[in-house]
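Just so you know, the protein sequences line up as chains H and F, in that order.
Here the working numbering is used: the first residue of the first sequence is 1, the next is one more, and so on.
Here the working numbering is used: the first residue of the second sequence is 1, the next is one more, and so on.
Derived from the structure by calculation, the hints contain no laboratory data.
Take the hints with a grain of salt, since some may be wrong.
Stated by the list, open to error - Here's a subset of chain F near chain H, in silico, CB distances under 10 angstroms, partners left out:
hint	residue
1	Asn135
2	Lys137
3	Arg139
4	Ala142
C-beta atoms are modelled at their ideal positions from N, C-alpha and C, and glycine is treated no differently.
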Amino acid sequence: MPLFSASASGNGNNTGGAEEKPLNLPFDPPPLLRVDPVAVLVGHEDRVWCVSWCPTANVLASSSADKTVKLWSCLHHAKAVDEQHQQYPQKGLSWECIHTLAGEHSRTVRHISWSPSGEYIACASFDRTATVWKRASDDLNRFDFELEAILDGHESEVKCVAWLTDSTLATCSRDRTVWVWDRVDVGEFECAGVLAGHAQDVKACAWIPPIDGGAKPLLLSCSYDNTVKVWAESHRRDDWHCFQTLTRHDETVWSVAVQPVEQSIETLRAEEEEEGGEAQPACQPIICCCSDDKSVTFWKRNAEGKFHVIVTATGFAERSIYTVGWAPSNCGAIVACGSGDNKITLLGLYQSRGYNEVHVTVLAELPSAHEADVNSVAFCSIVKGALDDNKEVVNDNNNNSSSSSSGLLLASGGDDNMVRVWRVARA
Amino acid sequence: MTELVNPNPTVFRDALQHQPQRSAEELLQEQDESFRDPIDSLEVFHHIRSIRDPEHPNTLEELKVVEPELIRVDEVKQTVRVQFTPTVPHCSMTTLIGLCISLKLQRSLPRGTKVDVYVTPGSHEQEEQVNKQLNDKERVAAALENKNLLNVVESCLNEFE
């Protein structure tokens, strides 16, 4: 049953020639999902604040109040399965810490972000700096990182960091500002903009990459002042201004996430049916954010580029919702939420045929995902490899057929010092 | 020397003579180890009653900043909600006192217990702002990484000799 629905084009006022871009949503309610535990990653000595997957390999990074970042990977044991391993649910496989980034931050590492190529990791710390780490080896299978740069400028704790490209990233802080940084040389970054306007602590930031060839990216930030701000760069380079302020939440907005958009789900189906057709216009990404007010809101842009709410999800969390993360686009419009009631919830979005309405529904719930608050959730963007792993494991046990999303991995981190890995499949 | 935020607090000495008592049945249950010992408001009160006021040589109990009637425990949800009453409406120590209560309970109660600390409604001029700060766990965590502030908090948590 949909939790709530709202007209997607309530503000449909198409002055100007631009058309509103379509949403990448299925027309049918998504199937219910099952979430199975895969691994518990023990090693951090304090709460885990953030988990983040490498975009190009099945490597997971986690950051903690213990001032470190750990990299985890699933290793195949080359030797024959011995008696001990037979007790593990994942025979022959185990997740292990393969590298630790330590010694550089003197306080909590609050957030981590991989650059699009997987070659860099940026860390945001309560020590008022962000750091950039570069892979030390050209070997694609080695994940050793060394410090490349320290981004210094914020006046208080840095809460979040986000890459746009391998050369551009944003940081935000309790000092109420968002900074944009550009790489000007190896190991050297320059401040390209200080974005001021939030009345309070800025909790997170995220980029909306350009959709069209000529468009520019937008930057989102969410804050303790209960708002989300949309920042745009003017025609003059490095001149950032607040394009819009989204006011909907009654409490702190903790996280903002941009839907990955590659190609429309329905377009893919249409192409399969018609075996080729005219090119469809690019879809626009949906934006979602979560709040202390226990709700998740979803936003899209109208023809004029202004954001408005298309649907709100409430009633599934009993305490603050700290984190939201989108599943890869080929898995459908699925969002994972982590909340202070120790719970992970998976939401699914779909649209009505012809009525321009968007609906949201709960696809899965893990009431006790962690033994304390869930601070971060993230889907692995590589489904193919994980699917292969899953087939191997499944074939060892029985011959269950795998559905298209059975290889989807989800990671979470919590106040119980644990990083957990889950497999998401159809129920 | 800076001027005291509240130079003349009211001290309730009688508090020491009228400590809350558990019923005989409750005392018997405590002896029975097979009986699961739920958290209740008296236990929570016991943990925080002896926290020292940052400015005065008195406990929060003596100043009636904390009282057992202002504590709510939801055993099923493992949630504890504490209201505390600053001694004066403009008290700038209010956030600090709230931090002390929060940290003390974090250390004393079972892991995973949710602790919500609020100013008693109507008792402080900046009630909303203080409540929002005290219940932002990220800001609380960051504040407690500040060594100077943590030292002040620790000194308030230490018992009088």
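#### Entry: Structure-inconsistent hints, enumerated in ascending order
none
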